Amino acid sequence: MRWRSGSAPAARVHAGYRVAVLAVTSIYLLQECVYAYQERHDMTKLSRVMFLLLCHITSIAKQIVFHTDADRIHDMIQSLNDPIYNASSAYAQSLLQRTARGARLLLGAYAGCAVLTCMLWLLFLVMHRIAGRSVEFPFWTGFHTDRPIVFVLVLLYSFYVTTLVGIANTTMDALMATILYQCQTQLRILRNDFQSLPEEAKKVSDRTGESYEAVLMYFLVKGFNHYKRVTETAKLLQDITGVTILVQFGIGGWILCMAAYKLVSLNILSIEFTSMTLFILCILTELFLYCYYGNELTVESDRIVGSVYSMQWVRTPHRFRRAVVLLMQFTRRPLRPAAGRVIPLSLDTFLKILKSSYTFYAVLRQTNK
Amino acid sequence: MMTKIKTQGLVSDLMPNIKLMQLAGHFLFNYHSDNSGMSSLLRKIYSSVHAIFIVVHYVCMAVNMAKYSDEVNELTANTITVLFFAHSIIKLAFFAITSKNFYRTLAVWNQSNSHPLFIESDARYHQLALTKMRRLLYFICGMTIFSVICWVTITFFGDSVRLLMDKETNETLTEPVPRLPLKAWYPFDAMSGTMYVVAFVFQIYWLLFSMAIANLMDVMFCSWLIFACEQLQHLKAIMKPLMELSASLDTYRPNTADLFKVSSSEKSEKIPDPIDMDIRGIYSTQQDFGMTLRGAGGRLQTFGQQNLNNPNGLSQKQEMLARSAIKYWVERHKHIVRLVSSIGDTYGTALLFHMLVSTITLTLLAYQATKVDGLNVYAFSTVGYLSYTLGQVFHFCIFGNRLIEESSSVMEAAYSCQWYDGSEEAKTFVQIVCQQCQKAMSISGAKFFTVSLDLFASVLGAVVTYFMVLVQLK
Numbered sequence: 001m002r003w004r005s006g007s008a009p010a011a012r013v014h015a016g017y018r019v020a021v022l023a024v025t026s027i028y029l030l031q032e033c034v035y036a037y038q039e040r041h042d043m044t045k046l047s048r049v050m051f052l053l054l055c056h057i058t059s060i061a062k063q064i065v066f067h068t069d070a071d072r073i074h075d076m077i078q079s080l081n082d083p084i085y086n087a088s089s090a091y092a093q094s095l096l097q098r099t100a101r102g103a104r105l106l107l108g109a110y111a112g113c114a115v116l117t118c119m120l121w122l123l124f125l126v127m128h129r130i131a132g133r134s135v136e137f138p139f140w141t142g143f144h145t146d147r148p149i150v151f152v153l154v155l156l157y158s159f160y161v162t163t164l165v166g167i168a169n170t171t172m173d174a175l176m177a178t179i180l181y182q183c184q185t186q187l188r189i190l191r192n193d194f195q196s197l198p199e200e201a202k203k204v205s206d207r208t209g210e211s212y213e214a215v216l217m218y219f220l221v222k223g224f225n226h227y228k229r230v231t232e233t234a235k236l237l238q239d240i241t242g243v244t245i246l247v248q249f250g251i252g253g254w255i256l257c258m259a260a261y262k263l264v265s266l267n268i269l270s271i272e273f274t275s276m277t278l279f280i281l282c283i284l285t286e287l288f289l290y291c292y293y294g295n296e297l298t299v300e301s302d303r304i305v306g307s308v309y310s311m312q313w314v315r316t317p318h319r320f321r322r323a324v325v326l327l328m329q330f331t332r333r334p335l336r337p338a339a340g341r342v343i344p345l346s347l348d349t350f351l352k353i354l355k356s357s358y359t360f361y362a363v364l365r366q367t368n369k
Numbered sequence: 001m002m003t004k005i006k007t008q009g010l011v012s013d014l015m016p017n018i019k020l021m022q023l024a025g026h027f028l029f030n031y032h033s034d035n036s037g038m039s040s041l042l043r044k045i046y047s048s049v050h051a052i053f054i055v056v057h058y059v060c061m062a063v064n065m066a067k068y069s070d071e072v073n074e075l076t077a078n079t080i081t082v083l084f085f086a087h088s089i090i091k092l093a094f095f096a097i098t099s100k101n102f103y104r105t106l107a108v109w110n111q112s113n114s115h116p117l118f119i120e121s122d123a124r125y126h127q128l129a130l131t132k133m134r135r136l137l138y139f140i141c142g143m144t145i146f147s148v149i150c151w152v153t154i155t156f157f158g159d160s161v162r163l164l165m166d167k168e169t170n171e172t173l174t175e176p177v178p179r180l181p182l183k184a185w186y187p188f189d190a191m192s193g194t195m196y197v198v199a200f201v202f203q204i205y206w207l208l209f210s211m212a213i214a215n216l217m218d219v220m221f222c223s224w225l226i227f228a229c230e231q232l233q234h235l236k237a238i239m240k241p242l243m244e245l246s247a248s249l250d251t252y253r254p255n256t257a258d259l260f261k262v263s264s265s266e267k268s269e270k271i272p273d274p275i276d277m278d279i280r281g282i283y284s285t286q287q288d289f290g291m292t293l294r295g296a297g298g299r300l301q302t303f304g305q306q307n308l309n310n311p312n313g314l315s316q317k318q319e320m321l322a323r324s325a326i327k328y329w330v331e332r333h334k335h336i337v338r339l340v341s342s343i344g345d346t347y348g349t350a351l352l353f354h355m356l357v358s359t360i361t362l363t364l365l366a367y368q369a370t371k372v373d374g375l376n377v378y379a380f381s382t383v384g385y386l387s388y389t390l391g392q393v394f395h396f397c398i399f400g401n402r403l404i405e406e407s408s409s410v411m412e413a414a415y416s417c418q419w420y421d422g423s424e425e426a427k428t429f430v431q432i433v434c435q436q437c438q439k440a441m442s443i444s445g446a447k448f449f450t451v452s453l454d455l456f457a458s459v460l461g462a463v464v465t466y467f468m469v470l471v472q473l474k
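Line order of the protein sequences matches chains Z and R.
What the first sequence shows, in the numbering used here, is residues 1 to 369, in sequence order.
What the second sequence shows, in the numbering used here, is residues 1 to 474, in sequence order.
Hints should not be assumed to be uniformly reliable.
Which bits of chain Z does chain R cover? Going by a derived footprint, with three or more residues having C-beta under 8 angstroms, they are [as the list claims (entries may be wrong)]:
| id | stretch |
| --- | --- |
| 1 | 253-260 |
| 2 | 346-358 |
Simulated crosslink set (DSS-like; lysine-lysine; CA at most 27 angstroms straight-line) [to be verified]:
| id | chain 1 | residue 1 | chain 2 | residue 2 |
| --- | --- | --- | --- | --- |
| 3 | R | Lys447 | Z | Lys235 |
| 4 | R | Lys19 | R | Lys132 |
| 5 | R | Lys240 | Z | Lys202 |
| 6 | Z | Lys203 | R | Lys447 |
| 7 | R | Lys439 | Z | Lys222 |
| 8 | R | Lys183 | R | Lys6 |
| 9 | R | Lys167 | R | Lys183 |
| 10 | R | Lys67 | R | Lys371 |
| 11 | R | Lys439 | R | Lys240 |
| 12 | Z | Lys202 | R | Lys427 |
Every beta carbon over 12 angstroms from chain Z, so not counted as near; a handful from chain R, in silico [what the hints assert, rightly or not]:
| id | residue |
| --- | --- |
| 13 | Val56 |
| 14 | Arg124 |
| 15 | Tyr138 |
Simulated from the structure, these hints should not be mistaken for laboratory data.
Values in this document were obtained by computation on a predicted structure and should not be read as measured data.
Don't be surprised by glycine CBs; every beta carbon is placed ideally from N, CA and C.
The shape of chain R in the complex, shown without the other chains (with noise of 0.2 angstroms):
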């Protein structure tokens, strides 16, 4: 059966991102559009066998450092590592648990209202939002395939040795290990032959999907907070229109035409009556003037279907677009506002999760920092783990940073516009919203912390802090 379904929304907008998911093996099976059962029976196994390889492998790693767990620079290096691939397990898992949350808030923005005179602006916005986030994902993905090659070059570089204690002379001892990227405890002897060769091909298959795994949910959440920002950039861009659209329900003002005008490459029957321009044409002192008075001060008298009570000689349709305005603007944020909750509510766990394993990953990299001793394998490689981790951290803490930037900057858009020119209905909903703006929209990681700058500079001072204590102890 093939039914094609229309995406529309964030789905159709993070296509990419999604597929690359499906491809990558998380267990996300929504959105194809061939749904027979054959192929999604394929698809799962498809999952399914990527997900045993790579927990079959990360076990095979902590069996590795659970059995040479003597010696402590050998030991801390595994650990360090475990931490590292221990994300990809925990998001592989929390993707597969809470898919349905991934699909509530993808399905957030699936209905949206519009408004005509606001098209043009909603469109501009959501291009940009779709070139943000293809930006981001291709530079994820650029460095995430950096990092991979980095990882397997340097696997030829320096000593493939294991560290070893030896119990009765407290000596530390190095054993040949095979050349891999990786230290996993293998049941075949992998040191040289067809099976080196069959090893060193499943880690770097490894290493590349498990980095992907982890990688790709991060940039799926950070598409979220992109779309959010533009969408609250939209609302901010059309606060001024919207203030004149309200003031020009009750109060004189020149060039009422303007506000009117839709973008001519869109269809609608909402165009400016003639006779506006013509009297803008014949009374353009008025302009001269810069009064705006209300009632009968300067009032033109218009004929024929005219509004004799609006001021500006709206029509009836140009006073509903006015109208209705408002309503769109407060509808569109009340949308934003459920689509950032539901952001919080689908990945905040996992952010905690992300954040518990990091703190204990970079405090272990603090110590590894203070034996380096040279620019060598060790210390490459030490420095390498170090900025992936921040890089990871520093990703979700800067788009959550302009989340909440942005949502507090409404208000600004609010008072920066002539909301004293507004109609009553106008100021009062300028009031409300600036009472809801004032608390800026966040990201909490499971109610423990914000997702903010804030967060990456206490991280990292608390890094550089163990590191500088550490120093001095030694």
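Bound-form chain Z, shown alone (with noise of 0.2 angstroms):
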């Protein structure tokens, strides 16, 4: 994402930390995968480099999206700032305030798991070499590690790009599930606007004296603009960020079989068991995030036909109903993002993925026995 704040200087400095974090990771990457090509025959190692291999794999293809799609995401960012997006009533601002505490939360919880499993895999690290005994780095060195200088500048290059890596990954995942969680909430200041509209255009035609049906056709409009630019973002949200979700689907199944076969061969009270664990938590709290922000974004949309139904209808004029017939006509369809445009980010979704993964590992577990 650009630095877009401060001088010209500062912008080219965090141009090229930028590309160096993304050249970093690649060939990180890359020895994870000749370490994986050496150890192919062998399934504890094997699995043990893969969750971590395709992990890496799905936080590139976000941080390349990121890189080639910053300009749309800006304008998607900066597009939060509308009037259409913050309405002045005390309900749109009380939800407002809540969304933002409810995001500012879930960065901080997510991002933080993420860097504590890292920590206690250094942890674990440390602690087996102290012991004595001999540490294979789960990536290809070239050089034995065995010095303790060796060894010390390894792990710290391990731990940092595995730690920028978790906090890439996690930040970027908040990033668009919050998007999505803020379209839910316009979506609801929207609904209760219908509720009540023909209230209040009663309430402003008495005060400013305006016909009541022009007033009644201007807030109509105006909801149903509202609604237009909700879903032109949850729109640009799935063009830009589709085929990224589509990757961490189809990759999260397969990091859970790895991991999971990975935490059946270790001692519970062992702090490698309370990483796995932990590890395993991340990757299922990443995938139920996309899938449970997209169902309620999903939900809520469904409700707005509701909405404008229940408002007090019966006593307008014709021309009015006539347009509530046209508007509940084009709010009928829920929005369904969707991950490459083909598989719908729902909780249905999410039971597919543990289902398929459960799988995937029964039959890693029979083949290898």
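Assembly of the complex is requested from the two constituent chains, each provided in isolation within its own frame, with the hints serving as guidance.
Written out as structure tokens, the structure reads:
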């Protein structure tokens, strides 16, 4: 993402830093691929590298998208400051504040979990080495890591890259989930506006003296424009991130199965068990975030027709009622954010991924007994 | 302090169900006529004692399951029983935690609108709903008692043993256990004597009450759905007279007086004017034309307090009745939508838990069913568990499905009446209602799935698939 505030030299430095980070993660990924190829016959070592390798693939996919589509992402985030999204009614403000709080909490908890997992891995490796056992890093290094200096350097490099990838992954996910959450909040505000539309119009019409019908039509058109903007934002998000979420879903099941395979071979009271459990939790949360917020958006947009119906339209002028019919017709199709336009983000998808990952795991255990 | 609480709406309809739930030990403390401090404390103690008994015995069963988990068959059988009664614990806890939602849903129908011309139809469908709700309650209570009797009867057949795995030789040994309906760990020896009788009686009580707790809550949910469906039937039934009423406002039609006829058993001052009937008698040849002409064509000259703009000579009162009929219909429909969304909010999560536990239970039962080798106690108990679990799922799936069908058929009712004869207001009303009714009202299990017969079919299909695959693998 671009560095927008500050001077031009700062922006250049930041651009250079972004390229460097992408290069470092790509090199690390290549090292892991080489190691995986070398150890392709040993299931235990392979599973140790595979789940992290797959995680890094999804992270790099997201980073590439954020690089190439940086402008569009920036515009999308800026568009959230639009007045149409920041209604001044008390209900709208309280909902927006609640959304902001929830988003902050989500980001903090999620990124914190990722950092904790990486630190636990680091701790485990250090303790393993202190106990005198030789440590094999899950990526190709090309030289021996037994000497303390070399060990520490490689360890720090490994810790830096994994933490970087962890934070990058979680923050990007949290951003996309928050935008979905914001769209849902906007639809809730819209529904509330529709439900009390005739009463509000009557109040405004009494106050300003304009004709009741004109005010009704004005509010209806305003509501419809709000709906169109939310649809556009959701569609833009889907365009930008569709492929990455598809990659995420496709690989997510695989990651879970590899991690679970590794998990059952560990002792319950070891640090590695805790860190693996945390890792599995992170992956599950990542998948669940998309599916949950996508589902919430679909459910909320489904309820719009009901809200329009529940306004007091029985005694309104004829022209307004005709417009209400058309409005209900246009808002009838629920927003269904989809990954790669094929797989809908819903709780159903989440359950399907869990089921298929369990199937992979069971098959893996059977074939490797 | 004795305050007589007048029950209305859904509470008075569901009073037998509520009383039974209070008897079974649910934490339902509203809707009593006597609310003094002493009796409410007694009721709380009653519910808590039941809850403690049920939870403690459930924990004993779980301990038994954990203790004898070496042998696969024993473990599977114990797991199935533990999961089977998990429903009761979950529902008891769920009601205690979310009782506010239940009270809110029961109070949704406390104030409902009414229209003099549609009171009779409303009462008729209300009575239908009441009959169906009672019948459902009796059926489920009967089935619960029948299940308990069957369970106790089957205890006396077959060997009362426990399977153990001998670690050295890997053989399966049998160890005798007390002949009780449920296998549980007791701190005392229940093999014979007074402790055996005590344990037996306690287990009968426990079986009856835990099954009642789970089933009565499901019955309440299905009763709400029955009520909503019958209200939708009422709305469908009055659509035709509604259209005719609205048509009578600006189109000539014969027999207008019939529309305003109220049932003679109802007290109402809105009786049709006698002059209408005279005119109908004189100008009966208008019917032969079969034409309804707008405006001046065929208009009857009427005098006196009749409304000159109205082709049918309706009085002011009748015109008001006709105009307010649409408002009544729309408000009643919105009320039903509010009721259904309240039902979904209240019971959705309970349905999710139910389906989760039932899925695991049915998977294990499919495995158990592959080991049936004859017409013995094992076969009967497996079939019994299977049919009970599937029956529970079917119970709420069928009513959820009925709601979906009823709510989407409102549109057909709107189409099949003579909407083209209606006034402009009626036509836009039909348009807006059709837009709303294109999406059927459904109950969702916390947004994960929709409660319909599709769900039941997929569950049944999954069980059959597992069974077939496992039989092949043997």
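Structure versus earlier hints, numbers of those that do not hold, lowest first: 1, 5, 6 and 8
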